[in-house]
Structures are given as C-alpha cells and as structure tokens.
Amino acid sequence: MIAHAIVFYIFSLIAIVSAIMVTVSKNTVNSVFFLILDFISISCLFIMIGAEFLGMIMLIVYVGAVAVLFLFVVMMLNVAQQKNEWFNSSGRSSHIPVGLLVSIIIFFELIIVIGGWKYKPDLLDSIAIEINTDLTNTQSLGSVIYTDYIHLFQLSGMVLLVAMIGAIVLTFRQRSGVKRQSYFKQISRDRKDGIELVDVENNKGVKIDA
Amino acid sequence: MSELFIFFEQIYRILFLLVPVLVSVAMIVWLDRRVWAFVQKRRGPNVVGPFGLFQTLADALKYIFKEIIIPASSNKVIFILAPIVTMTLALISWAVIPFSETFVLADINVGILYLFAVSSLGVYGIIMGGWASNSKYPFLGAIRSAAQMVSYEVSIGVIIINVLLCVGSLNLSDIVLAQKDLWFVIPLFPMFIIFFISALAETNRPPFDLPEAEAELVAGYQTEYSGMMYAMFWLGEYANILLMCAMGSILFLGGWLSPIDLFPFNVIPAPIWLILKILFLFILFALIKAIVPRYRYDQLMKLGWKIFLPFSLIYVVLTASFLMYFDLLPGN
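Protein chains in written order, with the working numbering: chain A, 1 to 210; chain B, 1 to 332.
Rather than coming from a laboratory, the hints here were simulated on the basis of the structure. Hints are all accurate, no fakes.
Sample of chain B residues lacking proximity to chain A, with all beta carbon distances greater than 12 Å (derived):
#1 L31
#2 R33
#3 I64
#4 L284
DSS-like, lysine-lysine: derived pairs with alpha carbons at most 30 Å apart:
#5 K76(B) <-> K26(A)
#6 K192(A) <-> K179(A)
#7 K306(B) <-> K185(A)
#8 K136(B) <-> K26(A)
Have a look at the derived ranges for each label pair, beta carbon to beta carbon:
#9 T102(B) <-> G157(A): 37 to 45 Å
#10 V169(A) <-> I6(B): 56 to 64 Å
#11 I6(B) <-> I16(A): 25 to 33 Å
#12 I165(A) <-> Y325(B): 28 to 36 Å
#13 S143(A) <-> R42(B): 51 to 59 Å
#14 V159(A) <-> I14(B): 43 to 51 Å
#15 Q10(B) <-> Q174(A): 57 to 65 Å
#16 E9(B) <-> I165(A): 48 to 56 Å
#17 R42(B) <-> Y183(A): 28 to 36 Å
#18 N134(B) <-> Y146(A): 41 to 49 Å
For clarity, every value in this text was computed on a predicted model and none was experimentally measured. For every residue, glycine included, the Cβ atom is placed at its ideal position computed from N, Cα and C.
Input sequences plus hints: build the corresponding full structure.
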C-alpha cells in the first residue's frame with residue numbers, strides 16, 4: 001500500500017509540475033512537450049485507479065494523435081519570432097485579467113463539484129447504472145456505451161461526422177492549373193504509347209510536342 | 001521485506017527479458033543484412049565471428065568509441081532525450097508480449113491497447129530528434145515520418161478491431177488462446193496482408209522509409225546524430241521491427257501455439273514457436289527491403305487513407321455481420 005501511495009504522489013507531482021510548466025515555459029514547443037508529459041502522467045493515474053481502458057485510450061488518442069498534431073502546428077510556426085513576445089510585450093497586463101477570470105471560474109466549479117460530494121454523501125448510490133464489479137472496465141464501458149446508450153452514441157457520431165464534413169468543406173479549395181499524377185495512367189503505360197519510332201529526314205528534325 | 005523481495009524479483013525478470021531482446025536485436029540486424037545481401041547475390045557481413053555473427057557487436061563497439069557530436073544550435077535537452085525516448089519505448093512494449101501461457105512479464109487486461117499506445121508514442125522520438133537538430137533535412141524527415149506513422153496507426157487500429165471481434169478480449173494471452181483451433185491468418189487473411197504492409201510503414205521500413213530516404217533527405221531525422229546516440233536510434237528501430245513481428249504473430253499466427261497439436265510439434269517449447277514465427281515475419285520484412293523500390297510520398301498517403309482504411313473498415317463490418325449471423329460472437 002505504501003508503494004502505491006508513493007507512486008501515486010510521484011505521478012500527481014509530475015502531472016501538476018508539468019501542467020504549471022506548460023503555461024510558464026517560454027518556448028512553445030517545450031510547452032507542448034510538457035503537455036504530453038502531463039497527459040502521460042494523468043493516464044498513469046487513470047491506470048492506478050483501475051481504469052486501465054481509459055488510461056490507454058487517453059494515451060492513444062491524446063498523446064498518440066492530438067498532441068502530435070499540436071506539435072506539428074507549433075513547430076511550423078515561426079517560433080523564433082514569437083518567442084518571449086508574451087512576457088516582454090507591454091500588452092502583458094491585458095492578458096492576465098482574462099486568464100485570472102477563467103481560472104477563478106474553473107476553481108469555483110471545482111469547489112462546487114468537490115463540495116457536492118460532501119453535501120450529498122449518497123451520490124454514488126444514486127447513480128442509475130448498476131456497476132457490476134465482476135466485469136473488467138473495458139467490458140462494462142462497452143456495454144454502457146454500445147448497449148444502454150447506443151442511440152446517444154450514434155447521435156454523437158453523427159455530430160462528429162457533420163463537424164468533420166464541415167472542416168473539410170471549409171478548408172477544401174480546388175486549385176486550377178496543378179499537375180496531378182495518376183497512378184493508373186502511370187502504371188498502365190506501355191511501350192506503345194511511350195515510345196514512337198520516327199524516321200528523321202536530314203536537316204529537317206522532328207516536332208516533339210505534336 | 002517481502003515488498004523488497006518482489007521488487008528485486010521483478011528486476012530480475014525484467015533483465016531476463018530485456019537482455020535476450022537486446023541480443024536478438026543485434027542478431028536480427030545481422031540477419032537483415034545477410035538476407036539483403038543474399039537477394040542481391042552478395043556475401044554480406046561474414047568476417048567477424050562465425051558467419052559474421054558478431055558484426056553487429058563490432059559495430060556497436062565502434063559506435064561506443066565514436067564522439068557524440070551535439071550541434072551548437074540544437075535544443076540540447078530534447079536532442080539528447082530523443083534517442084532515449086525511442087529506445088525506451090521500443091523496449092517497454094516487450095513487457096506484455098506472452099512467450100508462453102505462463103511466461104509473460106505483465107499479463108494485463110488491455111495488453112493489445114498497451115502495445116498500440118506504446119507504438120503510437122514511438123513517433124515522438126522521431127519528431128523530437130528531427131526538431132531538436134535545428135536543421136532542414138532532419139526536420140523534413142521528422143514531419144514526413146510523423147504524418148506517415150499517424151496515418152498507418154489508424155489502419156492498424158482498425159485491423160486490431162477485426163481480431164478483437166473474433167476474440168472478445170483485449171488480453172494478449174486470450175488472443176493467442178482463441179486461435180487454438182484456427183489461426184486468424186486464415187479467416188482474416190486480407191487483414192494479415194494489410195497489417196504486414198502497415199507494420200512496414202509504421203516502422204519506417206523500406207519501401208516506406210521516406211523519413212530517411214537517403215537520396216532526398218541525407219538520413220532524415222538521424223542526420224545530426226552520431227556515435228552512441230545514433231546507435232540507440234538504430235537499436236530502437238530494430239526493436240520496434242521485432243515488436244511489430246511479434247504483434248503480427250500474436251494477432252494472426254497463433255503466438256506461442258504450435259501449428260498442429262501432434263507429437264513432434266507439441267514437445268517443442270512454446271517460446272520457440274513464437275520466436276520462429278517472429279523470425280519468419282522478420283525474414284519477410286528483410287526480403288521486402290531487398291526487392292521493392294521506395295514509394296513516393298503521395299502514393300504512401302493515398303495507400304494508407306484511401307485504400308487500407310476503407311478496406312479494413314468494410315472488413316470490420318463483414319466480420320461483425322458474419323459472427324453475428326452464425327452466432328459466433330464471443331460471449332462473456
């Protein structure tokens with residue numbers, strides 16, 4: 001049990017410190033790396049409370065895909081130019097009140113949630129779904145999402161699909177005059193349409209682009 | 001006291017797993033070069049030791065004594081971290097590979113997800129190395145590789161779903177045991193082919209080695225690395241290839257199970273079968289390196305997103321309907 005507690009505190013310490021470092025570090029790429037570290041330690045915490053499926057999905061989705069795209073975008077930006085702008089600019093004071101406001105709101109939300117647990121001690125008992133402790137959490141998540149709430153699941157899938165189509169439509173643009181390669185054309189070329197044998201007359205030459 | 005004992009026992013078991021893996025990585029590099037040479041009618045490395053077996057060890061010794069050069073304008077912390085990340089991620093995934101029914105370091109519930117998660121983290125070593133070098137070719141190589149690995153992970157994920165539908169568990173031992181009567185390579189043969197090709201792309205092997213295409217990018221993300229740090233990238237890469245082979249043999253070739261449960265075959269210990277299957281897949285990897293020319297980048301992307309992904313999605317629907325119709329779905 002002691003080992004469990006020690007490991008828990010190590011991971012939470014890493015999570016908190018790296019979350020602070022995300023906002024503090026001056027280099028944006030370093031921020032993203034700290035964000036990734038944060039994701040990893042949080043997924044370790046998930047695994048420690050026995051939610052191994054959530055932990056792994058967190059790793060796969062956030063670290064394996066979302067953060068990679070993040071990193072892409074940040075690396076492509078001209079980092080040298082925007083570096084330190086935040087800390088040195090005179091407009092610094094205009095950002096801080098907004099940030100403070102947001103963090104105060106989130107802080108109070110957290111207090112309300114945590115307080116809610118205290119005000120209502122039977123919160124766990126009032127959950128509608130029966131939790132079967134014999135099943136692994138992968139199985140129980142699966143039966144909740146794909147059996148009990150299948151319609152809501154399908155609905156959220158449709159919302160995501162619409163969002164995806166919207167994103168594609170917004171960024172899609174047809175450019176004219178771009179030469180594209182067609183594999184089938186390239187592969188199906190043979191000697192007949194690639195090579196033409198011509199008898200060249202002396203001092204006349206051949207027209208190439210006929 | 002007992003906790004301390006468990007701690008040391010675990011360390012012993014980890015060493016007992018990792019040392020053979022590292023040695024076999026060295027051997028597999030030699031095998032790769034030999035197969036490559038064999039196809040091209042060359043001899044390959046044959047000087048150091050019997051059949052040149054110790055060539056990789058000699059190379060490793062050479063790398064150890066070479067100077068590690070860190071570019072002046074690089075981001076030094078990330079530059080040094082990158083090969084460490086690659087190597088670590090390549091090794092930690094071996095923890096869940098079951099070598100037999102009892103011989104597995106960590107028999108966790110979500111073994112296959114763990115493998116998938118770790119292999120999807122592998123891209124960070126490459127991006128970090130490419131970006132921290134602060135040089136054009138490594139950065140281009142890193143970007144190419146990141147796009148490539150993220151794309152092919154998607155199709156590997158869908159292929160894994162196909163297998164999981166037939167098993168009903170995310171545990172790797174359960175996946176192997178479910179193939180006792182019929183290896184999944186037979187009913188899911190198209191998925192096996194796609195998995196194999198995606199594994200080539202995921203590990204940046206030829207014909208998909210665009211991140212290190214030497215004609216265009218010098219050596220891709222490894223360009224600025226030298227000495228031991230380069231060797232770590234290299235070891236990590238080969239450990240990843242071995243891991244992909246192990247994953248393929250567990251998902252499709254029945255893991256540690258013998259092909260037929262008859263006398264001469266079932267006395268051979270289970271880990272040997274797994275190793276033989278890994279070797280078989282690896283020799284295929286090496287042969288493909290020797291005989292297939294490199295893909296163009298747009299072809300690679302098109303293959304991943306427009307051919308593999310739709311095809312494996314359709315196959316998921318087919319498998320699910322088949323299992324549903326014949327009432328073969330694995331119950332709890």
